[in-house]
Structure formats: C-alpha cells, structure tokens
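Visitor: Sequence:
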Amino acid sequence: MKLNLSQFALCSLAFGLLSCGKNNESNTASKSFTLEITDSVQIDYLGEMMLIDFDPDADKYLLTTDVYYEYLEVDDKGKILNHNKFNPEGIDAVETSLGLGYVDGKVTVLTQTSGYYQFVDSSKVGKIPIPYNYQVFMFYPKLGVFRDKDKTYFPSLWPETFAVNMDEGEFYKKLYRLPILSSLDKTNQDTMGVVRLPENSKLLDGQVHGFPIPVYTMDQNKLLLSMWLEPRIYVYNKVGDQFEYERTVDVNIPDWVHYDPVPLDKAEQFFEGFSKKLSGSLTNFFKVGDNYVIVYNKGISEAQMSELGPPTDGGLSRRKKNPSYAAIFDKDFNQLATNVAFPITSNYPMVVNNERELVVSKVAGLSETEDDGIILYKLKLTEK
Numbered sequence: 000m001k002l003n004l005s006q007f008a009l010c011s012l013a014f015g016l017l018s019c020g021k022n023n024e025s026n027t028a029s030k031s032f033t034l035e036i037t038d039s040v041q042i043d044y045l046g047e048m049m050l051i052d053f054d055p056d057a058d059k060y061l062l063t064t065d066v067y068y069e070y071l072e073v074d075d076k077g078k079i080l081n082h083n084k085f086n087p088e089g090i091d092a093v094e095t096s097l098g099l100g101y102v103d104g105k106v107t108v109l110t111q112t113s114g115y116y117q118f119v120d121s122s123k124v125g126k127i128p129i130p131y132n133y134q135v136f137m138f139y140p141k142l143g144v145f146r147d148k149d150k151t152y153f154p155s156l157w158p159e160t161f162a163v164n165m166d167e168g169e170f171y172k173k174l175y176r177l178p179i180l181s182s183l184d185k186t187n188q189d190t191m192g193v194v195r196l197p198e199n200s201k202l203l204d205g206q207v208h209g210f211p212i213p214v215y216t217m218d219q220n221k222l223l224l225s226m227w228l229e230p231r232i233y234v235y236n237k238v239g240d241q242f243e244y245e246r247t248v249d250v251n252i253p254d255w256v257h258y259d260p261v262p263l264d265k266a267e268q269f270f271e272g273f274s275k276k277l278s279g280s281l282t283n284f285f286k287v288g289d290n291y292v293i294v295y296n297k298g299i300s301e302a303q304m305s306e307l308g309p310p311t312d313g314g315l316s317r318r319k320k321n322p323s324y325a326a327i328f329d330k331d332f333n334q335l336a337t338n339v340a341f342p343i344t345s346n347y348p349m350v351v352n353n354e355r356e357l358v359v360s361k362v363a364g365l366s367e368t369e370d371d372g373i374i375l376y377k378l379k380l381t382e383k
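Start counting the sequence shown at 0; every next residue gets the next number (numbering that gives the first Met the number 0).
Hints may be right or wrong, so weigh each one.
[Said to hold, decoys possible] Pair ranges (Cβ atoms, derived):
{"no.": "1", "residue 1": "G239", "residue 2": "E167", "range": "36 to 42 Å"}
{"no.": "2", "residue 1": "T186", "residue 2": "V119", "range": "21 to 27 Å"}
{"no.": "3", "residue 1": "P128", "residue 2": "N83", "range": "34 to 40 Å"}
{"no.": "4", "residue 1": "E169", "residue 2": "S31", "range": "44 to 50 Å"}
{"no.": "5", "residue 1": "V119", "residue 2": "P87", "range": "17 to 23 Å"}
{"no.": "6", "residue 1": "G272", "residue 2": "G364", "range": "38 to 44 Å"}
[Stated by the list, open to error] No farther apart than 25 Å at their CA atoms in a straight line, the calculated lysine-lysine pairs in the PhoX-like style are these:
{"no.": "7", "residue 1": "K172", "residue 2": "K76"}
{"no.": "8", "residue 1": "K265", "residue 2": "K319"}
{"no.": "9", "residue 1": "K59", "residue 2": "K78"}
{"no.": "10", "residue 1": "K201", "residue 2": "K221"}
{"no.": "11", "residue 1": "K276", "residue 2": "K30"}
{"no.": "12", "residue 1": "K105", "residue 2": "K286"}
{"no.": "13", "residue 1": "K123", "residue 2": "K201"}
{"no.": "14", "residue 1": "K286", "residue 2": "K59"}
{"no.": "15", "residue 1": "K221", "residue 2": "K150"}
{"no.": "16", "residue 1": "K275", "residue 2": "K78"}
{"no.": "17", "residue 1": "K286", "residue 2": "K185"}
{"no.": "18", "residue 1": "K379", "residue 2": "K286"}
{"no.": "19", "residue 1": "K150", "residue 2": "K84"}
{"no.": "20", "residue 1": "K30", "residue 2": "K84"}
{"no.": "21", "residue 1": "K30", "residue 2": "K59"}
{"no.": "22", "residue 1": "K286", "residue 2": "K265"}
{"no.": "23", "residue 1": "K286", "residue 2": "K150"}
{"no.": "24", "residue 1": "K172", "residue 2": "K59"}
{"no.": "25", "residue 1": "K148", "residue 2": "K173"}
For the record, the hints were derived by calculation from the structure and aren't laboratory data. Values in this document were obtained by computation on a predicted structure and should not be read as measured data. Don't be surprised by glycine CBs; every beta carbon is placed ideally from N, CA and C.
Work the whole structure out from these sequences, hints included.
Guide: In structure tokens form, the structure reads like this:
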C-alpha cells in the first residue's frame with residue numbers, strides 16, 4: 000500500500016502542528032540549570048535545513064529539509080562534506096523519505112516500500128530490508144534504527160494487512176497493543192516485536208489517543224521511550240536481545256497543554272478536537288554527563304490558537320509561541336529542573352556531539368537578524 004498525499008496531510012496536521020508505574024518520590028524540580036551558547040557554526044548554504052543527526056565516529060552532522068528529501072553532511076567547522084537530493088525515479092528511487100538519520104555512519108532513509116536505503120557520498124551502498132509488506136502513515140522525526148550484534152532494531156512498521164480506519168475505535172485499541180520497536184535478525188531475516196507499551200500506560204485505558212509517534216534513545220543498556228504527546232517516559236532495560244520494562248517516569252511540566260482523548264465509539268471526533276489546539280510534546284532525550292536532558296514543547300492552548308488565527312506566515316507565529324525547553328533529571332530519574340530554555344530560534348531536532356554539547360540549528364524566520372547561511376548553535380548545560 001502506498002501512502003498518498005491526503006494521508007500525509009492528515010498525519011502532519013495531527014502531529015507536526017506534531018508500584019506498576021514506579022516514580023521517585025523526590026521527582027520535583029529543585030536545581031537551576033541553563034543552556035549557554037558556547038559557539039556558533041556557519042554553513043555556507045543559502046537555504047533552510049534543520050540539524051537532524053550526528054555521527055560521533057566521523058564527527059559530522061546531518062542536516063535535512065523538513066520533508067527529509069535533501070540533505071547536507073558537514074564537519075564540526077561547518078564545511079560541507081556532501082550535498083545530496085534523492086532521486087524519485089530509477090532503480091534506487093526514493094519517492095518519499097519517511098525518516099532520515101545515520102546508521103553505522105551511513106545516511107539511512109526509510110522508503111515507502113523497500114525498507115531502509117543507505118548512502119555514502121550520495122551513492123547507495125546497501126539497504127536494510129524489511130521482510131514483509133508494510134504501510135506507513137507518518138513521518139519519523141527520529142529515525143530510530145540501531146544495531147547490536149546480529150540484530151537491527153527499528154520502529155515497528157505496520158503490516159500491510161493491518162486494517163487502518165481512523166474513524167473506528169477498534170483500530171486504535173489494536174494500534175496501541177502493537178509492538179513499538181522490532182528487531183531484524185540478519186542471519187535469517189526474522190523480525191520480532193521487542194518493545195510494547197506497559198500495561199499501566201494511559202494509552203491502554205480504552206480511549207482514543209490519536210497516532211502516538213515513538214521517539215526513543217538508547218543509553219548503554221537503557222532505552223528511554225516517549226510517545227510524543229505524553230509528558231512521561233517509559234524506561235526499559237536491554238537484557239540480551241529483549242527489553243524489560245522498568246518504570247514510567249512522569250515529567251512535571253507547568254502549563255503543559257494536554258490533548259483530549261475520546262471514547263472508542265466517538266473515534267471520529269478525536270482529530271476535530273485535536274486540531275483546535277497544539278498539544279505539548281516530548282521530542283527527544285539525551286544523556287549529558289550524569290544527567291538526562293528531556294526536550295519538550297508545552298503546546299498552545301485553544302484560546303491562544305484562536306488568538307493566533309489561521310497560519311499565514313508558514314507557522315512561524317506558532318513556533319514563537321511554542322519554543323523548546325528542557326527538563327533535567329539525574330541518573331536515577333529524579334527531576335532536578337524544568338523549563339530550561341533553548342535559544343528562541345532553535346529548531347526542535349537536536350543532537351549531542353563528542354564534546355557533550357547540545358547542538359541545534361537556527362530557524363532563520365524566528366531571528367531578527369539575517370544570516371548568510373545555516374547557523375548551528377553549540378550549547379553547554381550548566382548548573383547555576
């Protein structure tokens with residue numbers, strides 16, 4: 000099944016405009032942190048791209064357009080190492096790029112029907128096949144593919160046989176029970192679901208919660224998972240080839256804009272209510288020193304959305320109203336701080352480099368000054 004433009008439009012609108020649950024008793028903000036700009040890097044490219052990934056072995060950054068179809072690779076000084084645009088025709092055609100990132104130093108792209116293609120210096124050098132027909136109804140803001148020994152782990156892709164009906168409650172009930180992360184065994188090409196939501200997840204409460212978008216980060220043998228629209232993290236421990244659920248960590252975020260779930264028999268009403276406001280989102284996690292940095296946007300309330308009116312500036316007014324922040328946790332998942340502000344011009348994709356600096360790309364339209372190229376900011380997390 001191929002993804003059509005109307006399906007993309009719906010999912011982009013929904014998410015782009017995107018004990019059992021053990022919590023620590025001391026999970027409260029009690030310290031003060033800042034994200035200080037330590038350096039800026041200028042890339043000699045006249046166009047808008049966002050930083051999306053970092054290759055620590057080659058010390059290079061990957062930037063892409065907002066539809067992941069054209070990309071740059073640059074070094075730590077901003078020198079362009081490679082510039083490529085996917086070809087929509089031919090043997091190695093990429094009609095639609097559904098996700099982009101580095102895997103083993105190779106630029107890796109999720110295609111509509113052929114698994115993951117891998118590129119070096121703009122040339123296709125291999126692929127990670129998915130041994131079944133799949134369908135995709137969303138872009139992946141973080142590619143999420145990584146390898147460990149004979150296994151490749153990737154965000155689970157819905158089988159083509161999975162019946163999709165966004166107006167039917169039973170569809171969502173089944174959706175939330177599907178594996179979130181799967182493994183591919185390179186020796187026999189078998190796939191297996193290895194991460195599912197824990198039974199205490201609020202997404203399993205028998206209501207419609209829309210399309211959760213999985214975003215996760217591996218920290219040694221721990222996997223931190225967000226479902227994008229919840230202010231919480233699911234923590235799993237990797238044991239052998241499997242992942243064992245450890246705990247759910249709620250992130251205390253003042254003024255978080257919650258979405259409104261609806262009953263299963265009113266599934267068709269979910270996106271109608273969802274479109275009236277911009278829900279908060281957890282967009283990424285990083286380990287910086289002994290701390291976890293949880294990146295989020297609070298969202299925009301229905302009243303604020305009404306004041307802003309229909310977007311006439313490419314969404315820049317909404318971006319200004321909904322900047323990125325960080326919550327800081329210690330290694331035991333005690334929350335130390337919240338609302339640690341990123342520069343107001345920061346794009347939400349970001350990376351951590353080899354110097355343990357957070358690196359973000361600048362959104363040109365959010366700045367009062369005009370730059371001759373793309374700007375990257377290097378940020379240092381500092382406790383006051």
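Visitor: Look at the Cβ atoms of P128 and N83 and judge whether their distance stays inside 34 to 40 Å.
Guide: Once the Cβ atoms are compared, 22 Å apart, the range 34 to 40 Å for N83 and P128 is violated.
Visitor: Taken at face value, is the distance from the CA of K286 to the CA of K105 at most 25 Å?
Guide: Holds, at roughly 23 Å.
Visitor: Does K78 sit within 25 Å of K59, going by the straight-line distance between their CA atoms?
Guide: holds, 10 Å
Visitor: Take a quick look at whether K286 and K150 sit within 25 Å of each other, Cα to Cα.
Guide: holds, 23 Å
Visitor: Check whether the Cα positions of K275 and K78 lie no farther apart than 25 Å.
Guide: Violated - the C-alpha atoms of K78 and K275 are around 42 Å apart, more than 25 Å.
Visitor: Take the C-alpha atoms of K286 and K265, compute the straight-line distance between them, and say whether it is at most 25 Å.
Guide: Violated, because 40 Å separates the two Cα atoms, which is more than 25 Å.
Visitor: Decide if the proposed pair is consistent with the structure: K286 and K59, CA atoms, cutoff 25 Å inclusive.
Guide: holds, 19 Å
Visitor: Would you check the hint for K201 and K221, treating anything up to 25 Å between C-alpha atoms as holding?
Guide: holds, 22 Å
Visitor: Quickly compare the C-alpha distance for K123 and K201 to 25 Å and report which way the hint goes.
Guide: violated, 42 Å
Visitor: For K172 and K76, compute the direct alpha-carbon distance and say whether it is at most 25 Å.
Guide: violated, 48 Å
Visitor: Is it true that the CA of K172 sits at most 25 Å from the CA of K59?
Guide: Status violated; Cα separation ~42 Å.
Visitor: Can the suggested window of 44 to 50 Å be confirmed for the beta-carbon pair E169 and S31?
Guide: Taking Cβ atoms as reference, E169 and S31 lie about 48 Å apart, which means the hint holds.
Taken one by one, the earlier hints fail for this structure at numbers 3, 6, 7, 8, 11, 13, 16, 17, 19, 20, 21, 22, 24, 25, listed in ascending order.
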